[in-house]
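Novice: Next come the chains, spelled out residue by residue.
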Amino acid sequence: MSGNSTARLPPPAAISGSSTARLPAPLPAAPAAISSSSSVHSARRAETRSKFPNPKNCVTIAVSPRVLFNMDVERLIYEQKGMEDYLTYQVEHEAEPLKPGPAYPFIKAVEEVNMRLRELYPDSEEVFDVVLMTNNHANVGLRLINSVNHYNLFIERFCMTGGNSPIGYLKAYHTNLYLSADAIKVREALDEGIAAATMFSLDKVTEVPETELRVAFDGDAVLFDDESERIFKTQGLDKFFEHERALADKPLDHGPLKGFLEALGKLQKKFYAKGQRLECPIRTYLVTARSAASSGTRALKTLRSWGLEIDEALFLAGAPKGPMLEKIRPHIFFDDQMFHVQGASRMGTVAAHVPYGIAQRLPRKPSVCNT
Amino acid sequence: MESNIIINTDVVQMSASAIVIAVSCHGIFDLNSDTPTESDTLPKGVAFSFIKAIQAINEKLAAKNSHDPLFDLILVANDLQGNQSKVVSSTKHYGLQISRFCFCTSEDFTQSLQATNVNLYLSMETSDVGKALQEGVPAALLCPQTRPQLEGDEEQVASPLTVLLSGDVMGLPEEKLLEAGFSQPQLQIFRAAKASMADFAAVIGEMRRHFGREDSPLRVTLMSVLGSRDEWASALLTARGWGLEVDEAYCLAGASREPVLKCIQPHILCYDGLYNVTEVPALS
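Line by line, the protein sequences are chains A and B.
Quick note: the first sequence, position 250, residue 250 per full-length UniProt numbering, numbers continuous.
Quick note: the second sequence, position 227, residue 227 per full-length UniProt numbering, numbers continuous.
Hints listed in this document are in silico derivations from the structure and should not be mistaken for laboratory results.
Incorrect hints may have been included.
[To be verified] Over 12 Å on every C-beta distance to chain B, these chain A residues come out as not near it, computed from the model:
#1 52
#2 129
#3 263
#4 301
[Claimed, not checked] In the BS3-like style, the derived pairs of lysine-lysine whose C-alpha atoms are separated by at most 25 Å in a straight line are:
#5 92/B to 131/B
#6 86/B to 60/B
#7 56/A to 262/B
#8 171/A to 44/B
#9 60/B to 92/B
[As the list claims (entries may be wrong)] Examples of chain A residues lying across from chain B (beta carbon under 8 Å, computed):
#10 8
#11 83
#12 148
#13 151
#14 181
#15 323
No experiment lies behind these values; they were computed from the predicted model shown.
All residues carry an ideal CB built from backbone N, CA and C; glycine is no exception.
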């Protein structure tokens, strides 16, 4: 950060008892008043939440407030004016809930799944658990709580590391998926074996279903490792086909998001067990440049060898992914190539970048395919 | 009166405005070491770096040439029986800026502490901390550092003194604890911790103000283990009302705190009597 950090903290805004001396008084100190904004849903919350699930048993999604909410304005203040002005701004606007960010529809859909799971399995800890994970300073906490309250989000776990790296905490919370705006942190998480992806603000967002969580994955370097992609990038398409044909029966090695697909599959099976296969509120998609007739076989066989199901597999044979994703309307789409992430975003799909594998070192040449 | 306070002649005594921290020597030194020592020097204990962190704060304050009160350290030893000289010589050997020693017994140590006007007593033993709190001595747990300690040249920069305050003490109403089935002895400690917390927070808050947002040699952390996010919000507001700047804040909502504590590595941990190390489900 810039070198003009102050040698001393600014003087306290309020001392000795009263909390309203200089700060705008958005929040009374009594807890009852804080939760009143969610009074309509608080009864439902109390019923459906018996106790908070043990992180070891649930599917933990750690999400940065910068992607759950839109903090573009605040980020700009931080970058241009520094930490103190940023924190002052946040505190001054504490009562103002943040607007939704790119991960918001995904998290809302995750909560819908939880409600359905709790109807069927009231005492189970095998549910989603969303943790707000940030290296933000604790002063931003109250604005985040107010924003979570405003949207009636079921987020009870918060991790504000005050400048320290959140990576160790991801492990402490048994994180199954980490979503952040910071590519460096995402890469660090991937290095530690945690599924992670970078998300970006969107201008145009397609409407997505509210009652069915749809998660779409690219294949190579996302669900699978980048073995085949490496061949394609270094030796070309023909070699790639040859390689895949020769190894059609040998499962690919796993990629960074295989574990998350597996976690989704476990939750899906809980619905199937109660006879709700058709009404299952989780749907997964494979959206790959592989071809159905040839290289796609190895992908499907690999999934089968892992005992994993995917609801729909779309083999595009190199065609652009944007139009297909626009039809699917997933809440999130994971891809290792920025080219595809941008293409999807342009058409209104929330796409998250998984910075894994060879594609990070050898980005796509513009002449290969049209957008 | 039996004088059991010994002055460390190697160190300049501090003014009366200094913030007095009395710390138990168990943990600063390893008193149970099996390795026979030829010299009179005890090995470093698991909380040795606490002293280094305090010294780093004092050095930074002294460098500013302001008249801000420094930390004044007293080393407390209960029931030592014969190792007293080793504690003194070890302190001098490591060049620790400890101004006084207090040798006492587990029965009378709280009286000795009260006589020294201590601002905070630290021990690794929950029983000692609980006893001190109930006798009106502000007290907290001294935590072992589990990260590998750097030696030699790398030791130059101590990790910042990290103080962890209990968001549950600050934000949880007692009724909830009663409903959840906590025992009376636990509640007594909870109340005692709450009573001393405001003063302690004021002391730490003032100290924290002397340093900037980043690269501070003192970091304040607030953690709620049992409370909901609204109770955590209440704790954050309480801290703000006390003028205490919190750097890091965590709401665990019933998640086990041990893995998170390993990441934070606090030196000082507020003891609230609610649990030791076992997992406790959150209150609904």
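Novice: Now, for every hint given, state plainly whether the structure supports it.
Specialist: Hint by hint, here is what the structure shows:
1. For residue 52/A, the non-interface assignment is contradicted: its Cβ lies about 4 Å from the closest Cβ of chain B, within the 12 Å cut-off.
2. Non-interface status of residue 129/A relative to chain B is broken: a Cβ of that chain comes within 12 Å, the nearest being about 9 Å off.
3. Residue 263/A, annotated as away from the interface, keeps every beta carbon of chain B farther than 12 Å; the closest lies near 18 Å.
4. A cut-off of 12 Å between C-beta atoms confirms that residue 301/A is not in contact with chain B; the least separation is 38 Å.
5. Under the criterion of a C-alpha separation no larger than 25 Å, the hint pairing residue 92/B with residue 131/B is inconsistent with the structure, at around 30 Å.
6. At most 25 Å may separate the alpha-carbon atoms for a hinted pair to count; residue 86/B and residue 60/B exceed this at roughly 30 Å.
7. Only pairs whose Cα atoms come within 25 Å are accepted, and residue 56/A paired with residue 262/B is accepted, the gap being roughly 17 Å.
8. At roughly 30 Å between alpha-carbon atoms, residue 171/A and residue 44/B are farther apart than 25 Å, so this suggested pair is violated.
9. With a CA separation close to 22 Å, the supplied pair residue 60/B and residue 92/B stays within the 25 Å bound.
10. Among the interface hints, the one on residue 8/A holds; its C-beta lies about 6 Å from the nearest C-beta in chain B, closer than the 8 Å criterion.
11. For residue 83/A, the shortest C-beta to C-beta distance to chain B is roughly 5 Å, which falls under 8 Å, so the interface hint holds.
12. Nearest Cβ of chain B to the Cβ of residue 148/A: about 7 Å, under the 8 Å cut. The hint holds.
13. At its closest, the beta carbon of residue 151/A sits 13 Å from a beta carbon of chain B; the interface hint therefore is violated under the 8 Å criterion.
14. Interface restraint check: residue 181/A against chain B, minimum CB-CB distance 20 Å, threshold 8 Å, status violated.
15. For the restraint placing residue 323/A at the interface with chain B, the shortest Cβ-Cβ distance is roughly 41 Å, beyond the 8 Å limit, so the hint is violated.
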